[in-house]
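Undergrad: Sequence:
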Amino acid sequence: MSKDTKKKAKAAVKTTKAVKKVAKKKVAPKAQVKKSAVAKKSSAKKVTVKKKVTTLKKKSLKKLAKKATKKAVKKGTVAKKSAAKVLKKVTKVALKKKPANKKSAKKVVASAIKKVA
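Residue numbers are given in my numbering: position 48 of the sequence shown equals residue 52, and the series is strictly consecutive.
Source of the hints: derived by calculation from the structure; they are not laboratory data. One should not assume that every hint holds.
What the hints assert, rightly or not - Restraint ranges, calculated between C-beta atoms of paired labels, are given here: (1) Ala104 x Gly80: 29 to 39 Å; (2) Ser108 x Ala13: 21 to 31 Å; (3) Lys107 x Lys12: 15 to 25 Å; (4) Ala87 x Ser64: 12 to 22 Å; (5) Asn105 x Asp8: 42 to 52 Å; (6) Ala114 x Lys84: 40 to 50 Å; (7) Ser108 x Asp8: 27 to 37 Å; (8) Ser108 x Lys7: 20 to 30 Å; (9) Ser6 x Leu99: 25 to 35 Å.
Said to hold, decoys possible - Derived pair list, reagent style DSSO-like, types lysine-lysine, alpha-carbon separation capped at 27 Å: (10) Lys61 x Lys107; (11) Lys62 x Lys12; (12) Lys71 x Lys110; (13) Lys66 x Lys96; (14) Lys75 x Lys106; (15) Lys62 x Lys18; (16) Lys70 x Lys100; (17) Lys18 x Lys61; (18) Lys70 x Lys93; (19) Lys100 x Lys84; (20) Lys71 x Lys111; (21) Lys118 x Lys85; (22) Lys61 x Lys11; (23) Lys62 x Lys101; (24) Lys89 x Lys74; (25) Lys92 x Lys70; (26) Lys62 x Lys7; (27) Lys102 x Lys89; (28) Lys110 x Lys75; (29) Lys119 x Lys92; (30) Lys111 x Lys93; (31) Lys70 x Lys119; (32) Lys79 x Lys67; (33) Lys107 x Lys84; (34) Lys14 x Lys79; (35) Lys63 x Lys74; (36) Lys93 x Lys107.
The C-beta atom is built at its ideal place from N, Cα and C for all residues, glycine as well.
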């Protein structure tokens, strides 16, 4: 390995570390990477940071839907006989919408019940 390639390799390692740090902070990654002195090397430009998109799991969505349908049956907005059908439809809709957290999931489920019932 020549001196130059060694330098480049070291720089690449440094930049990936810098990018990982930025990713942890969840700041706009591009701006931060460009600022670092090492990032001017071509190796750094290839490093991209992807933000993880979280969605509620199928199990928890089903649970929420079940609770909501039970409530609706108690209230009388859904007939007891059709509760299972409603639940199935509501879970399907909720899974399609892919809500990010419980709050949005509840909203999705509630609106789905209104539509279906």
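Undergrad: Evaluate each hint against the coordinates.
TA: Comparing the hints with the structure gives:
{"no.": "1", "hint": "Ala104 x Gly80: 29 to 39 Å", "in the structure": "holds (31 Å)"}
{"no.": "2", "hint": "Ser108 x Ala13: 21 to 31 Å", "in the structure": "violated (45 Å)"}
{"no.": "3", "hint": "Lys107 x Lys12: 15 to 25 Å", "in the structure": "violated (48 Å)"}
{"no.": "4", "hint": "Ala87 x Ser64: 12 to 22 Å", "in the structure": "holds (20 Å)"}
{"no.": "5", "hint": "Asn105 x Asp8: 42 to 52 Å", "in the structure": "holds (49 Å)"}
{"no.": "6", "hint": "Ala114 x Lys84: 40 to 50 Å", "in the structure": "violated (19 Å)"}
{"no.": "7", "hint": "Ser108 x Asp8: 27 to 37 Å", "in the structure": "violated (52 Å)"}
{"no.": "8", "hint": "Ser108 x Lys7: 20 to 30 Å", "in the structure": "violated (55 Å)"}
{"no.": "9", "hint": "Ser6 x Leu99: 25 to 35 Å", "in the structure": "violated (55 Å)"}
{"no.": "10", "hint": "Lys61 x Lys107", "in the structure": "holds (14 Å)"}
{"no.": "11", "hint": "Lys62 x Lys12", "in the structure": "violated (46 Å)"}
{"no.": "12", "hint": "Lys71 x Lys110", "in the structure": "holds (10 Å)"}
{"no.": "13", "hint": "Lys66 x Lys96", "in the structure": "holds (9 Å)"}
{"no.": "14", "hint": "Lys75 x Lys106", "in the structure": "holds (17 Å)"}
{"no.": "15", "hint": "Lys62 x Lys18", "in the structure": "violated (39 Å)"}
{"no.": "16", "hint": "Lys70 x Lys100", "in the structure": "holds (16 Å)"}
{"no.": "17", "hint": "Lys18 x Lys61", "in the structure": "violated (36 Å)"}
{"no.": "18", "hint": "Lys70 x Lys93", "in the structure": "holds (11 Å)"}
{"no.": "19", "hint": "Lys100 x Lys84", "in the structure": "holds (25 Å)"}
{"no.": "20", "hint": "Lys71 x Lys111", "in the structure": "holds (13 Å)"}
{"no.": "21", "hint": "Lys118 x Lys85", "in the structure": "holds (17 Å)"}
{"no.": "22", "hint": "Lys61 x Lys11", "in the structure": "violated (45 Å)"}
{"no.": "23", "hint": "Lys62 x Lys101", "in the structure": "holds (12 Å)"}
{"no.": "24", "hint": "Lys89 x Lys74", "in the structure": "holds (12 Å)"}
{"no.": "25", "hint": "Lys92 x Lys70", "in the structure": "holds (9 Å)"}
{"no.": "26", "hint": "Lys62 x Lys7", "in the structure": "violated (53 Å)"}
{"no.": "27", "hint": "Lys102 x Lys89", "in the structure": "holds (20 Å)"}
{"no.": "28", "hint": "Lys110 x Lys75", "in the structure": "holds (12 Å)"}
{"no.": "29", "hint": "Lys119 x Lys92", "in the structure": "holds (13 Å)"}
{"no.": "30", "hint": "Lys111 x Lys93", "in the structure": "holds (15 Å)"}
{"no.": "31", "hint": "Lys70 x Lys119", "in the structure": "holds (16 Å)"}
{"no.": "32", "hint": "Lys79 x Lys67", "in the structure": "holds (18 Å)"}
{"no.": "33", "hint": "Lys107 x Lys84", "in the structure": "holds (26 Å)"}
{"no.": "34", "hint": "Lys14 x Lys79", "in the structure": "violated (66 Å)"}
{"no.": "35", "hint": "Lys63 x Lys74", "in the structure": "holds (17 Å)"}
{"no.": "36", "hint": "Lys93 x Lys107", "in the structure": "holds (20 Å)"}
Hints 2, 3, 6, 7, 8, 9, 11, 15, 17, 22, 26 and 34 from the list above are not met by this structure, while the remaining hints are.
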